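Given chain A, work out where chain B with the ligand should sit, using these hints.
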Amino acid sequence: MSSREAFLARVRQALQTGGQSHHAEAAPAENGEIVPLVTEGEDLAARLQRELEGVGGSVARVKHVAEAAQYVTRLAKEKGAEVVVRWQSDLLDTLEIDDALRAGGANVHTASPASEAEAGNRRQEMRDLLARADLGLSGVDAVIAETGTLMLTAQPGQMRGVSLLPPVHIAVARTDQVVATFADALRAVRQSGEDMQQNLTSCISFVTGPSRTGDIELKLTVGVHGPGELHLVLLDEPST
Amino acid sequence: MHLGTEGFQEHARQALKDEPLQNALHLLTNEFVPRRVAAMQALGDPEALRTQARAVKEQAVAQLDTYLEQFADNLDKLGAHVHWAHDDAEARDIITSIAQQAEAKVIVKGKSMAAEEIHLNPHLEELGYEVLETDLGEYIIQLAEETPSHIIAPAIHKTRQQIASLLHDKLGDPYTEELTDMTQIARRALRQQFLRADVGITGVNFAIADTGSIVLVTNEGNGRLSSTLPRVHIALMGMEKIIPRLDDLPVMLKVLTNSATGQKISSYVTMITGPRRAHDLDGPEELHVVVMDNGRSNILGSENREALYCLRCGACLNVCPIYQNIGGHAYGWVYPGPIGAVLTPLFTGLDTAKHLPRASTLCGACREACPVKINIPHMLLNLRRQSVSRGGAPAGEAPLFSLWAWVMRHPGLYRLGLKLARLGQMPFARRGWLGKLPPPFHSWTKSRDFKAVAPQSFRDRWQTTLQYEQPSRNGAGGGHHE
Ligand code: SF4
Chain A
75 MSSREAFLAR
85 VRQALQTGGQ
95 SHHAEAAPAE
105 NGEIVPLVTE
115 GEDLAARLQR
125 ELEGVGGSVA
135 RVKHVAEAAQ
145 YVTRLAKEKG
155 AEVVVRWQSD
165 LLDTLEIDDA
175 LRAGGANVHT
185 ASPASEAEAG
195 NRRQEMRDLL
205 ARADLGLSGV
215 DAVIAETGTL
225 MLTAQPGQMR
235 GVSLLPPVHI
245 AVARTDQVVA
255 TFADALRAVR
265 QSGEDMQQNL
275 TSCISFVTGP
285 SRTGDIELKL
295 TVGVHGPGEL
305 HLVLLDEPST
Chain B
3 MHLGTEGFQE
13 HARQALKDEP
23 LQNALHLLTN
33 EFVPRRVAAM
43 QALGDPEALR
53 TQARAVKEQA
63 VAQLDTYLEQ
73 FADNLDKLGA
83 HVHWAHDDAE
93 ARDIITSIAQ
103 QAEAKVIVKG
113 KSMAAEEIHL
123 NPHLEELGYE
133 VLETDLGEYI
143 IQLAEETPSH
153 IIAPAIHKTR
163 QQIASLLHDK
173 LGDPYTEELT
183 DMTQIARRAL
193 RQQFLRADVG
203 ITGVNFAIAD
213 TGSIVLVTNE
223 GNGRLSSTLP
233 RVHIALMGME
243 KIIPRLDDLP
253 VMLKVLTNSA
263 TGQKISSYVT
273 MITGPRRAHD
283 LDGPEELHVV
293 VMDNGRSNIL
303 GSENREALYC
313 LRCGACLNVC
323 PIYQNIGGHA
333 YGWVYPGPIG
343 AVLTPLFTGL
353 DTAKHLPRAS
363 TLCGACREAC
373 PVKINIPHML
383 LNLRRQSVSR
393 GGAPAGEAPL
403 FSLWAWVMRH
413 PGLYRLGLKL
423 ARLGQMPFAR
433 RGWLGKLPPP
443 FHSWTKSRDF
453 KAVAPQSFRD
463 RWQTTLQYEQ
473 PSRNGAGGGH
483 HE
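Residue numbers (my numbering), protein chains in the order written: chain A, 75 to 314; chain B, 3 to 484.
Because the hints were derived from the structure by calculation, they are not lab data.
All of these numbers come straight from a predicted model, not from anything done at the bench.
Just so you know, even glycine gets a beta-carbon here, dropped at the ideal spot from N, CA and C.
One should not assume that every hint holds.
[What the hints assert, rightly or not] Restraint-style ranges between C-beta atoms, simulated for each label pair:
(1) A:ALA205 / B:ARG392: 51 to 61 Å
(2) A:GLY179 / B:PRO323: 54 to 64 Å
(3) A:GLY154 / B:LEU173: 22 to 32 Å
(4) A:GLU79 / B:ARG411: 48 to 58 Å
(5) B:PRO22 / A:GLY179: 45 to 55 Å
(6) B:SER167 / A:GLY179: 35 to 45 Å
(7) B:LEU383 / A:ASP269: 45 to 55 Å
(8) A:ARG148 / B:GLY174: 32 to 42 Å
(9) A:ASP310 / B:LEU383: 51 to 61 Å
(10) A:GLN198 / B:LEU173: 21 to 31 Å
[Stated by the list, open to error] Listed below are the simulated DSBU-like cross-link pairs for lysine-lysine, each with C-alpha atoms no more than 35 Å apart in a straight line:
(11) A:LYS293 / A:LYS153
(12) B:LYS453 / B:LYS19
(13) B:LYS438 / B:LYS453
(14) B:LYS375 / B:LYS453
(15) A:LYS153 / B:LYS172
(16) A:LYS293 / B:LYS19
(17) B:LYS421 / B:LYS453
(18) B:LYS172 / A:LYS293
(19) B:LYS375 / B:LYS19
(20) B:LYS375 / A:LYS293
(21) B:LYS421 / B:LYS438
(22) B:LYS448 / B:LYS438
Pulled out of the complex, with its shape left as it was, chain B reads as follows:
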């Protein structure tokens, strides 16, 4: 199921009416956000940590060519194979030919957003391979023939009952809503596949230039199994996953797991340095690392370079008021939420994804939550500007804004306008909001409310009362920020 990015507005509308989804999103907001906030607080100096983490990514990306070379040289020394994929088609071809050479039938996959990005599963399945997602959430999604809706919790939009029926229908086990039993059913089914699999495909969380190591961060252990049991391990990574030094790992790990799930560290951090060695009794015989560009060099050369610092932790999704209401699918491509609203147009083109950068209140919660301090609102504005300059704005918007600017420059006119608006809005305003504006302003209120004109303007209040009041000393009324 590929929703497509053009239909954003319609998908968002449907999502708002989807009750199970709304419940799930509620859960997400109520669980993940406080967990992350508490976890970051427990780190002592979260701000210093974020500054450090950002510094690492800035350095890595600013000298990406050097670090990529170093990384590849180190992998060569280890006897691993490095492949370079310019775009998604190349990445798929590379992976297919490795699978062919391995005479693979069964392929197990650890969670990988990069693999989602290149639509790897459908491609491999079409070629006749049996491909199994092994992350429990991804597995559920695969059984349901859907796509993930959250970077960290892909099946967040499904209820326990829906999953229970799914396991029962697809695997034939007796129906149960007991979480432990459901988990064991999945464990047994997937373990069989792990033991049969010829090829394991995983993503990469960090690629360490100075050692040639790749690091996988998981909780379930599927990443470990996928990189240990099959004879061939393929690791697919966006080229920005590089960090310069092994010594950078502690800080990067800490911010990643804390931001993603509020854990000090995840259950399994697996650092793989080459294929198995002569004395090893397990581990893959062949290790292939596929380094993928797929539009990243365009981002690197643009004003939105910092989008490449993203660790895919999902923290910005959980705090976003838009994501909290519409969930991940409405965004129409693999990366949802605030960072998705940036990445999707950057990867797939602004023409089809022009609604996404507008789907933000620019409240800045994402930037505040981001472990590498990515200025998402700034990039959204960049993209909006670009979209408008390419004629992406609705017809009629430009003249209206010109009119607005002109009125703003004429105080007399402005005050007159306010008075008229105050009279005109009377029949429509509800508790200070307007649900519908008359033409030609109606398209503004199609998907949002408009703040009604206040009964008295600030200027009037200032002149009549405010200027005579004592400033309050206790700072009452100020919102408390984390």
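Chain A on its own, in the form it takes in the complex:
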């Protein structure tokens, strides 16, 4: 195996021999700012809806928590969901949805973090549940209007598999979580704390529509590995 030093020494050597003939036309943009796809003053929620629907996601705009809860329960019923796994998050808690889902015949499991001693068992348990879950229910950390993209970090309670393993993924977001661009979403992450590595969590998934493939004759097909359905419930008025 090469040592780091030997490896880097070769790189340095090469950098010295290979004189670069052309110069950069420009320096990289300061804060990653590039021509945004959204225009000044555009209705971000409307744009988000258009973009996400354009890639095969569905968007439901709702006015209050009760309506959001109803929507989710109805969808779960329609899909005949028996096992539901959800994030633990304040927004989902305010929906008070577990009882409604249970009344509809589903088992609901919350990915709440476990103490260190129990984490091992808990992981196995959640994994087994997710392997047979019919529906994953999550919140979001931000939603990006210009591309219709959900940003999902791995904060405590926000298990990655919830938005990945079940065939149907429902995400609930508040309209004040909608940002214009990808760069804006990253900025929000940056502002959440001092330590950037901490803020980034172990994994951020940017999800835009259902899982898709064009690998057979370039024809679009959904649901190959990730969820075949993605529903975003956009809540206009956060409850106080």
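The following block gives chain B with the ligand in isolation, referenced to the frame of chain A:
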């Protein structure tokens, strides 16, 4: 199946006769090219974006040592393991020993050109591991025991019927040509494997120096599954995948997905910053990042440094008139198309791959399509020059070109030559083209036509008519460029 680069001319000839392949290539040209063009237009100022993206890669590569160190230090802080592989053998050994330590039996793989580059699968399989490709296209290719023919659409050379039979034969599911059903068959088969797998291997699209994050760009979600479910995640990257800052990601992502598939963003962009943390309920316990040189430092130190800016988006393949006709396999190594014609000789040596830099009309479509404006034609010329200076040109070529140069310097002789050629070509010319030249010029027309000498030379036309014509004002007749 390893075709080898020496047989390029023969493989190209076979490819031209392969009907399913020709249909598939047609599809590719008709689908991907307009999609990319439309998508880039929709970006508002695609030119500015390309300039930005190139600037990022130039900066990254110009200070690659610094950024690699920063990247590795950040990974250390996160508790991830960084490995340095000088060549393909080292990379394979590193990965094997990680798999051994993990006591792995089943290994799932996300799409990775770097893994193809080091022939990882056959190696791991020989050692007794069960290795599964999980990208649908790659999975199909693996079931068929073939190699990918396109960077982005690896199974583009197979028809739906061929794939349907394959799934039926190999997985035992009832035969179906319904795309949705075929996809679900693959989903079920692969999901079982994901849940069994001990190790997940993926490539890396971007490695961010200032945070130690790696970014995977996929549409299917197999990259997410491979980096989430198995206990150990190994990410294999060419050392040029580095970008300096997290802030560079928005622009790089945008040009990558737009150029690759014409999407504003792909379905899944996964940014991994270290292994799972204490509170996480999923994600890998161990994260290993293998940084691979494998010839890249040679390229870095050469006149072809900009080959390292390549994002592997595949856009140059789709617009290339040669690729459009012969597909990916004819190139004989993992990277096909225009960039493959540059990378293959750079990685595997010019002696065995000397035909590749010649397999180009130098039309420049690749350069125009490239999201980081890589001057591929220029590098092809560099390589041709090198190949000739090392005696790679066919015997007889040099004297012929000397003769040509000498005639060109003697106008009287040149005009006489033209006249003779005009007479001589009469029995052979078809619609202004010559399919076969007589010896000693015959090898030129073995794989291409030769433009016949025009009935009247430009010089004559100028003297008799052209100079008296009014210049046209409406610019009619000019081709319209995108
Ligand atoms: S050379 Fe440019 S166009 Fe071709 S694959 Fe690389 S980045 Fe894409």
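Problem set entry | Distance restraint between LYS153 of chain A and LYS172 of chain B, which requires alpha-carbon spacing of 35 Å or less | Roughly 31 Å between the alpha carbons, so the hint for LYS153 of chain A and LYS172 of chain B holds.
Problem set entry | Pair hint LYS438 of chain B and LYS453 of chain B, alpha-carbon separation not exceeding 35 Å | holds (11 Å)
Exercise. Okay, SER167 of chain B versus GLY179 of chain A on CB: inside 35 to 45 Å?
Worked result: Since the Cβ atoms of SER167 of chain B and GLY179 of chain A sit about 41 Å apart, the hinted range of 35 to 45 Å holds.
For this session: Given the hint that LYS293 of chain A pairs with LYS153 of chain A, test it: the Cα-Cα distance must not exceed 35 Å.
Result: holds (26 Å)
Exercise. Are the Cα positions of LYS172 of chain B and LYS293 of chain A separated by 35 Å at most?
Worked result: The given pair, whose Cα atoms are some 22 Å apart, holds under the 35 Å limit.
Problem set entry | Distance restraint between LYS421 of chain B and LYS453 of chain B, which requires alpha-carbon spacing of 35 Å or less | Holds - the C-alpha atoms of LYS453 of chain B and LYS421 of chain B are around 15 Å apart, at most 35 Å.
For this session: For the pair supplied as a hint, LYS421 of chain B and LYS438 of chain B, confirm whether the alpha-carbon distance does not exceed 35 Å.
Result: Between LYS421 of chain B and LYS438 of chain B the Cα gap is close to 19 Å, so the pair holds against 35 Å.
For this session: Could you tell me whether the CB distance from GLY179 of chain A to PRO323 of chain B stays inside 54 to 64 Å?
Result: holds (59 Å)
Exercise. Is the hinted range of 48 to 58 Å satisfied by the C-beta distance from GLU79 of chain A to ARG411 of chain B?
Worked result: holds (56 Å)
Problem set entry | GLN198 of chain A paired with LEU173 of chain B, Cβ distance criterion 21 to 31 Å | Check passed, 28 Å falls within 21 to 31 Å.
For this session: Given the hint that LYS293 of chain A pairs with LYS19 of chain B, test it: the Cα-Cα distance must not exceed 35 Å.
Result: holds (25 Å)
Exercise. Regarding ASP310 of chain A and LEU383 of chain B, is the given constraint of 51 to 61 Å on their beta-carbon distance met?
Worked result: At 60 Å between Cβs, range holds.
No hint from the list above goes unmet by this structure.
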